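Undergrad: Take a look at the letters that make up each chain.
4 protein chains.
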Amino acid sequence: MVNVTVWNENRHEQKNPVVRDIYPEGIHGAIASFLKEDQVEVKTATLDDPEHGLTDDILNTTDVLIWWGHLAHDEVDDAIVDKVKERVLDGMGLIILHSGHFSKIFKTLMGTTCDLKWREADDKERLWIVEPSHPIVDGIGEYIELEKEEMYGEHFDIPAPDQLIMMSWFEGGEVFRSGCTYQRGNGKIFYFRPGHETYPTYHNDEIQRVIKNAVNWAKPADRSRPVYGNAKPLETIKEKTDS
Amino acid sequence: MVNVTVWNENRHEQKNPVVRDIYPEGIHGAIASFLKEDQVEVKTATLDDPEHGLTDDILNTTDVLIWWGHLAHDEVDDAIVDKVKERVLDGMGLIILHSGHFSKIFKTLMGTTCDLKWREADDKERLWIVEPSHPIVDGIGEYIELEKEEMYGEHFDIPAPDQLIMMSWFEGGEVFRSGCTYQRGNGKIFYFRPGHETYPTYHNDEIQRVIKNAVNWAKPADRSRPVYGNAKPLETIKEKTDS
Amino acid sequence: MVNVTVWNENRHEQKNPVVRDIYPEGIHGAIASFLKEDQVEVKTATLDDPEHGLTDDILNTTDVLIWWGHLAHDEVDDAIVDKVKERVLDGMGLIILHSGHFSKIFKTLMGTTCDLKWREADDKERLWIVEPSHPIVDGIGEYIELEKEEMYGEHFDIPAPDQLIMMSWFEGGEVFRSGCTYQRGNGKIFYFRPGHETYPTYHNDEIQRVIKNAVNWAKPADRSRPVYGNAKPLETIKEKTDS
Amino acid sequence: MVNVTVWNENRHEQKNPVVRDIYPEGIHGAIASFLKEDQVEVKTATLDDPEHGLTDDILNTTDVLIWWGHLAHDEVDDAIVDKVKERVLDGMGLIILHSGHFSKIFKTLMGTTCDLKWREADDKERLWIVEPSHPIVDGIGEYIELEKEEMYGEHFDIPAPDQLIMMSWFEGGEVFRSGCTYQRGNGKIFYFRPGHETYPTYHNDEIQRVIKNAVNWAKPADRSRPVYGNAKPLETIKEKTDS
Numbered sequence: 001m002v003n004v005t006v007w008n009e010n011r012h013e014q015k016n017p018v019v020r021d022i023y024p025e026g027i028h029g030a031i032a033s034f035l036k037e038d039q040v041e042v043k044t045a046t047l048d049d050p051e052h053g054l055t056d057d058i059l060n061t062t063d064v065l066i067w068w069g070h071l072a073h074d075e076v077d078d079a080i081v082d083k084v085k086e087r088v089l090d091g092m093g094l095i096i097l098h099s100g101h102f103s104k105i106f107k108t109l110m111g112t113t114c115d116l117k118w119r120e121a122d123d124k125e126r127l128w129i130v131e132p133s134h135p136i137v138d139g140i141g142e143y144i145e146l147e148k149e150e151m152y153g154e155h156f157d158i159p160a161p162d163q164l165i166m167m168s169w170f171e172g173g174e175v176f177r178s179g180c181t182y183q184r185g186n187g188k189i190f191y192f193r194p195g196h197e198t199y200p201t202y203h204n205d206e207i208q209r210v211i212k213n214a215v216n217w218a219k220p221a222d223r224s225r226p227v228y229g230n231a232k233p234l235e236t237i238k239e240k241t242d243s
Numbered sequence: 001m002v003n004v005t006v007w008n009e010n011r012h013e014q015k016n017p018v019v020r021d022i023y024p025e026g027i028h029g030a031i032a033s034f035l036k037e038d039q040v041e042v043k044t045a046t047l048d049d050p051e052h053g054l055t056d057d058i059l060n061t062t063d064v065l066i067w068w069g070h071l072a073h074d075e076v077d078d079a080i081v082d083k084v085k086e087r088v089l090d091g092m093g094l095i096i097l098h099s100g101h102f103s104k105i106f107k108t109l110m111g112t113t114c115d116l117k118w119r120e121a122d123d124k125e126r127l128w129i130v131e132p133s134h135p136i137v138d139g140i141g142e143y144i145e146l147e148k149e150e151m152y153g154e155h156f157d158i159p160a161p162d163q164l165i166m167m168s169w170f171e172g173g174e175v176f177r178s179g180c181t182y183q184r185g186n187g188k189i190f191y192f193r194p195g196h197e198t199y200p201t202y203h204n205d206e207i208q209r210v211i212k213n214a215v216n217w218a219k220p221a222d223r224s225r226p227v228y229g230n231a232k233p234l235e236t237i238k239e240k241t242d243s
Numbered sequence: 001m002v003n004v005t006v007w008n009e010n011r012h013e014q015k016n017p018v019v020r021d022i023y024p025e026g027i028h029g030a031i032a033s034f035l036k037e038d039q040v041e042v043k044t045a046t047l048d049d050p051e052h053g054l055t056d057d058i059l060n061t062t063d064v065l066i067w068w069g070h071l072a073h074d075e076v077d078d079a080i081v082d083k084v085k086e087r088v089l090d091g092m093g094l095i096i097l098h099s100g101h102f103s104k105i106f107k108t109l110m111g112t113t114c115d116l117k118w119r120e121a122d123d124k125e126r127l128w129i130v131e132p133s134h135p136i137v138d139g140i141g142e143y144i145e146l147e148k149e150e151m152y153g154e155h156f157d158i159p160a161p162d163q164l165i166m167m168s169w170f171e172g173g174e175v176f177r178s179g180c181t182y183q184r185g186n187g188k189i190f191y192f193r194p195g196h197e198t199y200p201t202y203h204n205d206e207i208q209r210v211i212k213n214a215v216n217w218a219k220p221a222d223r224s225r226p227v228y229g230n231a232k233p234l235e236t237i238k239e240k241t242d243s
Numbered sequence: 001m002v003n004v005t006v007w008n009e010n011r012h013e014q015k016n017p018v019v020r021d022i023y024p025e026g027i028h029g030a031i032a033s034f035l036k037e038d039q040v041e042v043k044t045a046t047l048d049d050p051e052h053g054l055t056d057d058i059l060n061t062t063d064v065l066i067w068w069g070h071l072a073h074d075e076v077d078d079a080i081v082d083k084v085k086e087r088v089l090d091g092m093g094l095i096i097l098h099s100g101h102f103s104k105i106f107k108t109l110m111g112t113t114c115d116l117k118w119r120e121a122d123d124k125e126r127l128w129i130v131e132p133s134h135p136i137v138d139g140i141g142e143y144i145e146l147e148k149e150e151m152y153g154e155h156f157d158i159p160a161p162d163q164l165i166m167m168s169w170f171e172g173g174e175v176f177r178s179g180c181t182y183q184r185g186n187g188k189i190f191y192f193r194p195g196h197e198t199y200p201t202y203h204n205d206e207i208q209r210v211i212k213n214a215v216n217w218a219k220p221a222d223r224s225r226p227v228y229g230n231a232k233p234l235e236t237i238k239e240k241t242d243s
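Chain order of the listed sequences is U, F, G and D.
For what it's worth, our numbering labels the leading residue of the first sequence as 1, then goes sequentially.
For what it's worth, our numbering labels the leading residue of the second sequence as 1, then goes sequentially.
For what it's worth, our numbering labels the leading residue of the third sequence as 1, then goes sequentially.
For what it's worth, our numbering labels the leading residue of the fourth sequence as 1, then goes sequentially.
What the hints contain is simulated information worked out from the structure, not anything from laboratory work.
Bear in mind that the values here come from a model prediction, so they are computed numbers and not experimental data.
It cannot be assumed that every hint is accurate.
Stated by the list, open to error - In silico lysine to aspartate or glutamate, DMTMM-like type, Cα no more than 20 Å apart, as pairs:
id : chain 1 : residue 1 : chain 2 : residue 2
1  : D       : Lys107    : U       : Asp90
2  : F       : Lys107    : F       : Asp90
3  : U       : Lys212    : U       : Glu142
4  : F       : Lys240    : G       : Asp122
5  : D       : Lys240    : F       : Asp90
6  : G       : Lys232    : D       : Glu25
7  : F       : Lys104    : G       : Asp122
8  : D       : Lys148    : G       : Glu235
9  : F       : Lys83     : G       : Asp115
What the hints assert, rightly or not - If you want the footprint, here are the derived chain G segments under chain U, 3+ residues with CB under 8 Å:
id : region
10 : 121–131
11 : 156–169
Claimed, not checked - A short list of chain U residues far from chain F (calculated; beta carbon distances all over 10 Å):
id : residue
12 : Val81
13 : Ser133
14 : Asp162
15 : Asp222
Glycine included, each C-beta is placed from N, C-alpha and C at the ideal position.
With the hints as constraints, model all of the structure from the sequences given.
TA: Have a look at this one:
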């Protein structure tokens with residue numbers, strides 16, 4: 001049984017009736033709801049919860065953390081970000097959705113600005129699968145088509161992904177690396193582009209399938225952190241004369 | 001339930017009593033035996049079986065093929081190699097063990113000579129885990145130590161692995177990329193170095209664990225092959241005037 | 001001084017006046033012509049030359065081979081393909097243009113079908129740069145726009161590139177990995193998508209710049225092939241007792 | 001002409017006569033000295049210089065920055081680290097030597113702890129070349145042997161390198177990813193392991209050759225930073241009806 005925590009900023013839902021209409025339980029509620037269809041244990045947490053809902057207890061029992069944020073990246077406490085990072089390096093999976101590209105946690109794990117081009121103009125998006133062997137696209141066809149989405153365009157300022165799984169085509173003329181995996185320490189990270197708050201993207205069956213697959217892929221391997229620091233030799237080292 | 005076929009050349013076992021003593025059921029028998037401990041359906045096939053035991057029926061129902069060969073790579077029928085390659089591109093997982101680095105199937109999938117340095121001199125081998133988040137090393141410690149093994153040394157003439165999971169240290173002074181993943185078409189490939197026929201390597205618990213993990217990792221995603229060839233446009237293409 | 005050989009099938013130029021009008025000296029002649037602007041020594045070779053113009057003498061003195069083929073991949077002699085492959089593994093750079101994706105030499109070096117979607121329908125193509133630090137895109141803007149080109153669409157059945165440098169957007173709704181690097185043995189390979197014979201693509205300044213940059217990037221490192229085969233130990237191996 | 005700045009912490013040289021004997025001009029002086037043999041313009045800068053010697057003027061005119069630090073990573077001003085990072089993303093090459101693995105600049109660009117095993121015990125080190133086509137190993141043989149060096153062992157907590165060029169064998173039983181390239185923004189990064197202050201490593205011809213090659217490889221491409229932020233469509237976006 002995989003323990004998932006869905007974290008959502010949950011601010012658009014408070015301010016914007018369009019968003020509230022699409023996601024009456026919040027984006028976190030919608031994601032939690034379809035994840036429960038799988039054999040997954042799901043909790044939710046939001047920015048305005050105490051410690052953003054990410055207490056030590058929650059983090060330590062989370063196998064995979066899903067992250068949606070947009071308006072208020074700066075309000076996320078640096079100390080919490082540090083803890084989340086530590087947990088990822090310890091093995092917790094991390095799935096960053098859409099505008100989470102600019103979250104503190106993603107930027108600190110990537111080491112780059114994570115900047116991109118964007119446009120809210122009802123672009124059609126078509127996500128083409130370029131790595132068909134990957135478990136994250138199990139059950140998905142050649143592409144996923146979204147009638148209307150926010151555009152994110154290259155250059156996306158990220159390190160080259162360990163595995164590039166999806167590339168988006170946008171009606172307005174741009175492309176984007178939309179499904180990217182990374183390994184950091186003992187942890188696995190998946191960035192997945194779609195999910196602007198004013199579109200019903202997380203109600204799309206194929207988008208849901210990708211996120212379910214990603215949860216399963218990102219769950220920790222059963223391993224301790226490697227041992228670091230001063231190390232005794234495992235073999236005899238010959239004494240050398242000063243040359 | 002994953003369907004595994006363990007393919008073995010099975011010649012050393014016929015000729016060399018040392019090998020027969022270590023693997024009385026053959027290397028294929030030993031591998032099949034520990035795989036059955038997992039919820040896996042296992043068949044075996046050998047070079048001297050009709051069609052090398054790799055009939056269309058067997059191949060079409062195999063999710064993951066494990067390959068051990070050494071003396072008689074040249075005796076493997078090109079037509080069978082072509083079929084195995086086709087199945088890998090269709091999604092069948094492929095695990096190449098040890099001297100299988102020089103098999104026709106591995107060389108044709110890699111596009112390089114797959115050559116390397118080697119020595120049979122009872123080197124100690126220590127396989128260090130360099131990608132601790134990977135499911136193939138679930139349950140494995142910082143390294144696997146083998147008291148005696150054949151040495152394989154760099155340069156190993158392979159394409160850069162998609163993921164490098166293990167690196168070997170050898171007593172005689174060499175290193176080697178010992179656990180390498182590749183994606184080809186819809187299929188996933190894992191090369192795993194240890195397993196010289198005169199050592200009891202496949203009786204080692206951690207080696208067994210890696211192979212079990214690799215079977216689980218290599219199983220096909222539920223996908224058809226992509227559609228290739230002439231394609232109708234998905235969007236309207238504007239008529240252009242000759243410039 | 002880099003020695004470049006530009007190989008061209010040179011058949012469309014014989015049959016199709018449209019192609020001949022665009023490339024009166026042949027595609028090979030056009031490419032050779034702009035390469036000579038750099039400090040590069042350029043030869044050309046075509047399918048109908050003896051030994052396809054790729055004699056041992058030519059191959060052995062070629063630092064970077066550029067390859068354009070389309071109609072007659074099957075007419076390329078397997079023995080010549082083997083020699084070209086050997087030279088790539090020895091260090092010769094290889095630049096595969098456009099429909100060369102289906103050449104014997106590219107397929108054997110990749111190990112996959114190299115299949116793709118295609119359409120001749122005057123699609124607009126926009127090649128976005130996704131790896132801005134790479135010397136192959138030195139001097140290139142954010143994207144290269146081609147008013148009309150043949151469409152190549154994903155899934156492109158290649159191994160994941162070592163470095164993905166460009167991604168194409170097509171008017172008809174597809175995307176494509178258009179600039180891909182690979183390392184094979186001592187050699188470097190660059191696949192570059194554009195260049196359908198009925199469009200003046202190789203007269204485009206930015207396309208020319210990319211090919212010039214690629215020549216410079218692909219030139220061999222000053223190295224012998226590694227030594228393969230049986231190897232004496234570099235360190236003392238302890239004698240082991242039979243356990 | 002490439003403009004190189006060699007940055008050195010320069011503290012061991014002040015405290016330890018052994019280090020001063022090996023590097024009478026400091027490690028920075030030794031590196032600057034052999035780089036000048038190439039057609040390279042070299043400056044040096046040290047921790048105790050004003051602004052650590054990395055003024056805006058120096059940074060803005062540096063094509064490739066070489067970094068050696070060990071004892072005093074924490075004394076490097078965060079504001080300077082931010083500027084260096086910005087310059088790397090703008091295109092400046094960065095070569096991190098040895099104990100620079102724990103520098104603020106490397107850790108922030110990697111996003112991981114960059115931790116490792118270490119031992120000062122006169123281990124023999126042998127750096128094997130695993131990517132023979134790379135310009136960084138131009139002119140280098142199959143391996144570089146160092147009679148005595150500090151040991152660094154896996155697991156090295158870094159992202160999977162874009163290109164893994166060298167792997168070290170250590171006498172005491174460990175291995176290490178010793179030559180690693182990364183791309184971040186417009187900049188190229190090379191991590192190169194050897195160079196403990198009490199050994200004459202930077203006087204070794206092959207080590208010098210690698211660093212010279214790396215300078216040439218890391219120099220910036222001629223490019224502006226990509227444009228980020230809100231973007232007008234390049235193609236017409238159809239108006240959609242609310243569904």
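Undergrad: For Val81/U, which was marked as not at the interface, is the minimum beta-carbon distance to chain F over 10 Å?
TA: Non-interface label stands for Val81/U: nearest chain F Cβ at 20 Å, farther than 10 Å.
Undergrad: Regarding the pair Lys83/F and Asp115/G, is the alpha-carbon distance no greater than 20 Å?
TA: It holds: about 18 Å lies between the C-alpha atoms, which stays within 20 Å.
Undergrad: Checking one constraint from the list: CA of Lys232/G to CA of Glu25/D, max 20 Å. Satisfied?
TA: Status violated; Cα separation ~41 Å.
Undergrad: Has the given pair, Lys104/F with Asp122/G, been kept, meaning a C-alpha gap of at most 20 Å?
TA: Not satisfied, since the Cα-Cα distance of roughly 42 Å exceeds 20 Å.
Undergrad: Below or equal to 20 Å on CA atoms is what counts here, so check Lys148/D against Glu235/G.
TA: Answer holds: Lys148/D to Glu235/G is near 15 Å, not above 20 Å.
Undergrad: Non-interface claim for Ser133/U: all C-beta distances to chain F beyond 10 Å?
TA: violated (5 Å)
Undergrad: Within the assertion that chain U covers the region 156–169 of chain G, do at least three residues meet a Cβ-to-Cβ distance smaller than 8 Å?
TA: Holds, because 7 residues of the region 156–169 of chain G bring their Cβ atoms closer than 8 Å to Cβ atoms of chain U.
Undergrad: Straight-line Cα separation of Lys240/D and Asp90/F no greater than 20 Å?
TA: violated (38 Å)
Undergrad: Counting residues of the region 121–131 of chain G with a beta carbon closer than 8 Å to any beta carbon of chain U, are there 3 or more?
TA: holds (count 5)
Undergrad: Within a Cα-Cα threshold of 20 Å, do Lys107/F and Asp90/F meet the stated pairing?
TA: Within the cut-off at roughly 18 Å; holds.
Undergrad: Non-interface claim for Asp222/U: all C-beta distances to chain F beyond 10 Å?
TA: violated (5 Å)
Undergrad: Over 10 Å from every CB of chain F: does Asp162/U meet that, or does the non-interface label fail?
TA: Nearest chain F Cβ is 7 Å from Asp162/U, so the label is violated.
Of the hints listed earlier, those the structure fails to meet are numbers 5, 6, 7, 13, 14, 15, in rising order.
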